[in-house]
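Residue numbers (the numbering used here), protein chains in the order written: chain A, 1 to 130; chain B, 1 to 400.
In case anyone wonders, no lab produced these hints; they're calculated from the structure.
Positions of the beta carbon are idealized from the N, C-alpha and C atoms, including for glycine.
One should not assume that every hint holds.
Unchecked claim - Across the chosen pairs, the derived CB separations fall in these ranges: (1) A:N104 x B:L364: 40 to 46 Å; (2) B:K40 x A:L3: 42 to 48 Å; (3) A:E76 x B:E179: 56 to 62 Å.
To be verified - Quick list of in silico lysine-lysine cross-link-like pairs, PhoX-like style, CA-CA up to 25 Å: (4) B:K309 x B:K294; (5) B:K396 x A:K62; (6) B:K234 x B:K71; (7) B:K178 x A:K9; (8) B:K19 x B:K288; (9) B:K395 x A:K9; (10) B:K288 x B:K87; (11) A:K51 x A:K9; (12) A:K108 x B:K87; (13) B:K333 x A:K108; (14) A:K101 x B:K309; (15) A:K58 x A:K79; (16) A:K108 x B:K363; (17) B:K294 x B:K308; (18) A:K101 x B:K18; (19) B:K333 x B:K309; (20) A:K33 x B:K363; (21) B:K363 x A:K62; (22) A:K62 x B:K393; (23) B:K396 x A:K9; (24) B:K333 x B:K234; (25) A:K62 x B:K333; (26) B:K389 x B:K309; (27) B:K309 x B:K142; (28) A:K101 x B:K395; (29) B:K178 x B:K71; (30) A:K101 x B:K396; (31) B:K389 x A:K9; (32) A:K9 x B:K18; (33) A:K79 x A:K33; (34) A:K101 x B:K19; (35) A:K9 x B:K393; (36) A:K62 x B:K395; (37) A:K101 x B:K393.
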Amino acid sequence: MDLAEDMYKEELLEHYREPQNYGEIKDTDVKYKDFNPVCGDEIEIYADIKKGVIENVKFTGKGCAISQAAASILTEHIKSKKIEDVKKMSNEEVLELLPIKVSNLRIKCGLLALKAIQKGLLIYERKKHE
Amino acid sequence: MIDARKDFPILSRKVHGKKLVYLDNAATAQKPKQVIEAIKNYYENYNSNVHRAVHQLSAEATDAYDEAHEKTANFINAEEEEVIFTKNTTESINIIANHFARTLRKNDEIVLTQMEHHSNIVPWLNTAKITGAKIKYAEINKDGELDLEQIKKLITNKTKIVALAHVSNVLGTINPVKEIAKVAHDKGALVLIDGAQSVPHMPVDVKELDCDFLAFSAHKMLGPTGIGVLYGKKELLENIEPFNFGGDMIKEVTFENASWNDLPWKFEAGTPNMAGAVGLSAAIDYLKKIGMEKIREHELELTKYAIKKLSSIEGVEIYGPKQRVGVISFNLKNVHPHDVSSILDSEGVAVRGGHHCAMPLMKLLGIQGSVRASFYFYNTKEEIDVFVKALAKVKKIMGA
Ligand SMILES: Cc1ncc(COP(=O)(O)O)c(C=O)c1O
Numbered sequence: 001m002d003l004a005e006d007m008y009k010e011e012l013l014e015h016y017r018e019p020q021n022y023g024e025i026k027d028t029d030v031k032y033k034d035f036n037p038v039c040g041d042e043i044e045i046y047a048d049i050k051k052g053v054i055e056n057v058k059f060t061g062k063g064c065a066i067s068q069a070a071a072s073i074l075t076e077h078i079k080s081k082k083i084e085d086v087k088k089m090s091n092e093e094v095l096e097l098l099p100i101k102v103s104n105l106r107i108k109c110g111l112l113a114l115k116a117i118q119k120g121l122l123i124y125e126r127k128k129h130e
Numbered sequence: 001m002i003d004a005r006k007d008f009p010i011l012s013r014k015v016h017g018k019k020l021v022y023l024d025n026a027a028t029a030q031k032p033k034q035v036i037e038a039i040k041n042y043y044e045n046y047n048s049n050v051h052r053a054v055h056q057l058s059a060e061a062t063d064a065y066d067e068a069h070e071k072t073a074n075f076i077n078a079e080e081e082e083v084i085f086t087k088n089t090t091e092s093i094n095i096i097a098n099h100f101a102r103t104l105r106k107n108d109e110i111v112l113t114q115m116e117h118h119s120n121i122v123p124w125l126n127t128a129k130i131t132g133a134k135i136k137y138a139e140i141n142k143d144g145e146l147d148l149e150q151i152k153k154l155i156t157n158k159t160k161i162v163a164l165a166h167v168s169n170v171l172g173t174i175n176p177v178k179e180i181a182k183v184a185h186d187k188g189a190l191v192l193i194d195g196a197q198s199v200p201h202m203p204v205d206v207k208e209l210d211c212d213f214l215a216f217s218a219h220k221m222l223g224p225t226g227i228g229v230l231y232g233k234k235e236l237l238e239n240i241e242p243f244n245f246g247g248d249m250i251k252e253v254t255f256e257n258a259s260w261n262d263l264p265w266k267f268e269a270g271t272p273n274m275a276g277a278v279g280l281s282a283a284i285d286y287l288k289k290i291g292m293e294k295i296r297e298h299e300l301e302l303t304k305y306a307i308k309k310l311s312s313i314e315g316v317e318i319y320g321p322k323q324r325v326g327v328i329s330f331n332l333k334n335v336h337p338h339d340v341s342s343i344l345d346s347e348g349v350a351v352r353g354g355h356h357c358a359m360p361l362m363k364l365l366g367i368q369g370s371v372r373a374s375f376y377f378y379n380t381k382e383e384i385d386v387f388v389k390a391l392a393k394v395k396k397i398m399g400a
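Please construct the entire structure, taking both the sequences and the accompanying hints into account.
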């Protein structure tokens with residue numbers, strides 16, 4: 001199959017064009033914005049936490065198809081998951097969730113949403129301990 | 001047509017099974033076999049340290065190293081002692097910004113432009129932070145050109161240094177540096193020109209421009225990485241303190257004191273990049289053989305052709321002025337520059353997508369980034385056709 005068509009499968013592009021969980025949550029527990037300085041991709045993650053579980057999660061952002069589709073797919077995946085489990089998620093696990101094989105050069109795009117939610121959760125927990 | 005492709009081994013390689021179409025020349029240029037051979041020959045036959053020993057190898061290496069200064073000086077119409085070898089454009093600018101970090105005062109002003117590469121902004125931010133001097137930016141209009149009238153007002157008696165790109169690496173704009181230098185000199189300010197994108201692509205004559213400093217990189221003009229040039233007027237360089245200290249840059253050393261070597265060695269501390277200098281020499285020989293006028297002409301023709309083709313694609317927005325070098329930044333409506341670049345790559349076409357080390361300029365243009373195609377004399381119209389055809393594929397895949 002064609003390399004580009006492999007990278008931009010319809011399933012990925014659907015998430016890009018009509019992302020799941022797109023939007024803000026006001027007054028929420030987790031709110032964190034992260035960037036890829038090289039590409040200029042941006043993802044801001046919002047999440048409501050109840051008893052250690054992610055009750056609701058949304059994101060806003062701009063950037064390439066891979067970064068935005070990955071955020072859509074990841075937020076679907078982590079809804080109703082324990083924050084302990086989300087904190088432990090590895091890069092490989094997230095890349096597995098994507099409908100495409102991400103080339104080396106684009107891995108950072110694919111992982112931006114994970115980075116944002118994990119950093120956001122760390123800050124949430126630190127604040128809770130204070 | 002310039003028939004040079006056979007000299008560039010890399011241009012015949014394949015990428016993802018497709019013929020390579022290399023349109024990322026503003027980032028770095030490819031190397032002809034004459035340059036690669038010269039470096040190989042240096043290591044195989046006369047590698048040794050320069051300016052130190054009296055043995056034969058050192059004599060040959062020293063001759064070659066000195067000759068590289070001479071050739072570089074000739075290339076930009078400077079004197080030999082006015083040419084300092086550095087690591088790259090960035091380091092060349094840092095040497096001068098560092099000088100100003102030691103000499104400017106609180107009410108002094110630095111004038112830059114809104115289209116500078118990070119390497120001609122960040123060193124000056126540091127200079128301003130250390131000295132309390134103020135940075136003012138010359139504005140660009142909607143076509144990405146400077147406004148000479150505004151610059152005339154911006155440069156005042158408080159201005160001590162005006163630092164600007166000769167050619168923009170994003171917009172391809174050619175700035176009227178000669179006129180700006182005159183305005184600056186009338187107010188008693190010095191002028192540094194970032195020649196990273198001009199020296200490789202057009203004749204540049206420091207006497208004609210009357211600039212005080214000029215910075216450029218060998219790797220963008222067929223030479224190797226790791227060697228760059230700082231030109232400075234002799235009487236100015238004489239009065240500037242060195243940036244790096246150590247061996248080779250000294251005349252006499254005691255435990256308490258040291259005196260500096262003559263120009264340009266005063267600025268070249270430690271064992272220099274000798275193989276790099278040999279490569280740069282070979283690159284200059286190559287460029288001169290073709291002729292800088294001819295290179296400029298060919299690239300102009302390619303650029304016109306590419307702009308015409310690109311303009312006919314629906315959804316393409318091109319940034320920058322009509323008069324430009326072979327640098328074209330554009331966006332395809334509703335497609336992120338990285339997605340454009342990835343899909344072009346799958347067709348063997350190498351372009352750059354992103355902010356091109358000019359984040360303030362991107363912000364000004366109201367975009368996150370752009371796709372940039374940049375040409376050199378070895379590019380052809382056929383390659384532009386492949387590039388344009390690949391853009392149609394981007395549109396098809398992304399549904400744009
Ligand atoms: C206009 C301009 N200035 C400076 C630089 C920096 O050059 P280097 O990375 O070789 O120091 C570049 C290279 O991208 C450039 O295009």
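**Report entry** List of violated hint numbers, smallest to largest
**Finding:** Of the numbered hints given earlier, those the structure breaks are 1, 2, 7, 8, 11, 12, 14 and 24, listed in rising order.
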